[in-house]
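Undergrad: What follows is the residue order along each chain.
Protein chains: 4
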Amino acid sequence: MKDQQKQVDEWVSQYKMGYWQPLEIMARLTEETGELARELNHRFGPKKKKAEEDTADLENEAADIIFTLCCLANSLNLDLDRGFKHAMDKCYGRDKDRFEKK
Amino acid sequence: MKDQQKQVDEWVSQYKMGYWQPLEIMARLTEETGELARELNHRFGPKKKKAEEDTADLENEAADIIFTLCCLANSLNLDLDRGFKHAMDKCYGRDKDRFEKK
Amino acid sequence: MKDQQKQVDEWVSQYKMGYWQPLEIMARLTEETGELARELNHRFGPKKKKAEEDTADLENEAADIIFTLCCLANSLNLDLDRGFKHAMDKCYGRDKDRFEKK
Amino acid sequence: MKDQQKQVDEWVSQYKMGYWQPLEIMARLTEETGELARELNHRFGPKKKKAEEDTADLENEAADIIFTLCCLANSLNLDLDRGFKHAMDKCYGRDKDRFEKK
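Residue numbers (our numbering), protein chains in the order written: chain P, 1 to 102; chain Y, 1 to 102; chain D, 1 to 102; chain C, 1 to 102.
Hints listed in this document are in silico derivations from the structure and should not be mistaken for laboratory results. Don't take each hint at face value.
What the hints assert, rightly or not - Pairs of lysine-lysine residues, derived as DSS-like cross-links and limited to a Cα-Cα distance of at most 30 Å, are as follows:
no.: 1; chain 1: C; residue 1: K90; chain 2: Y; residue 2: K16
no.: 2; chain 1: Y; residue 1: K47; chain 2: D; residue 2: K50
no.: 3; chain 1: D; residue 1: K6; chain 2: C; residue 2: K102
no.: 4; chain 1: D; residue 1: K16; chain 2: Y; residue 2: K102
no.: 5; chain 1: Y; residue 1: K49; chain 2: P; residue 2: K85
no.: 6; chain 1: C; residue 1: K102; chain 2: D; residue 2: K16
no.: 7; chain 1: P; residue 1: K49; chain 2: D; residue 2: K16
no.: 8; chain 1: P; residue 1: K6; chain 2: D; residue 2: K49
Bear in mind the structure is a predicted one, so any value in this text is a computation, not a measurement.
Okay, chain P solo, but in the shape it has when bound (with noise of 0.2 Å):
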């Protein structure tokens, strides 16, 4: 994800304001979060106002949260394909028999 790191870095260069603080992006994840959640109920929740096939609005709902993580991620130093490699490491490892194989 080191693309999509840099890419909201130049982004962010921009402005006089730069990262906000560790908290305050914590606080736009969650709400981040609430938006996707909201775009799921409408689709297979107790609403349904929307059809099962249109769902631009769901990928641009989670692309808000990877652009927020990313946001996170440049203003911590943290490496987010490092992090990657350790849950499909965990994965493979401690989580391998986690459920039945095919």
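Given the coordinates of chain P, work out where chains Y, D and C should sit on it, guided by the hints.
TA: The following block gives chains Y, D and C in isolation, referenced to the frame of chain P:
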């Protein structure tokens, strides 16, 4: 993020269970977001249990969110790269004068 | 919180739909939590759009979370008073020496 | 919810630290919301580790959210009863025809 989506799909495809339902994945995403929040409060909040230099746990919690988003995206045929491009276009379009430039 | 649970039940009972499914209510709770986060960032975060004295919106967002919890509790026969008593007992028991006393 | 707010205040008032900052409490609320989500997925989601009758853990997680909201409310002089009344008024006003009546 094609590569991340593919890695997650290869792992999930080994198992009978397959992808969870959208609102189940959403609940998991909320759980993972909560774990990142806890980690940030340990680093930057009132408890300050951890040194600011130690970033591995934050990196891993952020990556668990990305992993969960890849599950959601794969199960609903979302293209996270397209969503991310849309997010960046919004930054350079609608939001370009939202903050003061350097 | 018997009174709040009862008020919510009287309102929901008028409608054919009844209570949503647990994971649907959970997604709604995530959405409401996100709205409170946004409101707090407007007041105390980087954007500071609002004066600290203006508390009505925060009060309303916090109450929407309580309303949603009452829906969950009613649909699953949870007694929020009993849960709250348990939380307070934990404070005076397990957590009583967690912070320095005055 | 005057009583719950008062109980929380009596407990917090014993300690030097006092209430956390708003965005710190928000991060904690996100963490507690995540714990409720995990508990709901254990009961109603793909893992189904727990019987539906066992409700104590859900009750306690829901109450931890209420406890955290009381902390936020006390630290910012919010009146949760007033907020809840506003939420119910909205139900009987703006939202009264949102769903089909019995």
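Undergrad: Run every hint past the structure and note whether it holds.
TA: Quick rundown of the hints versus the structure:
1. C/K90 <-> Y/K16: Not satisfied, since the Cα-Cα distance of roughly 46 Å exceeds 30 Å.
2. Y/K47 <-> D/K50: holds, 28 Å
3. D/K6 <-> C/K102: holds, 18 Å
4. D/K16 <-> Y/K102: violated, 57 Å
5. Y/K49 <-> P/K85: Roughly 26 Å separates the two Cα atoms, so the pair holds.
6. C/K102 <-> D/K16: The given pair, whose Cα atoms are some 5 Å apart, holds under the 30 Å limit.
7. P/K49 <-> D/K16: holds, 18 Å
8. P/K6 <-> D/K49: Distance ~29 Å between P/K6 and D/K49 Cα, so the pair holds.
Violated hints, listed in ascending order, are 1 and 4; each of the other numbered hints is respected by the structure.
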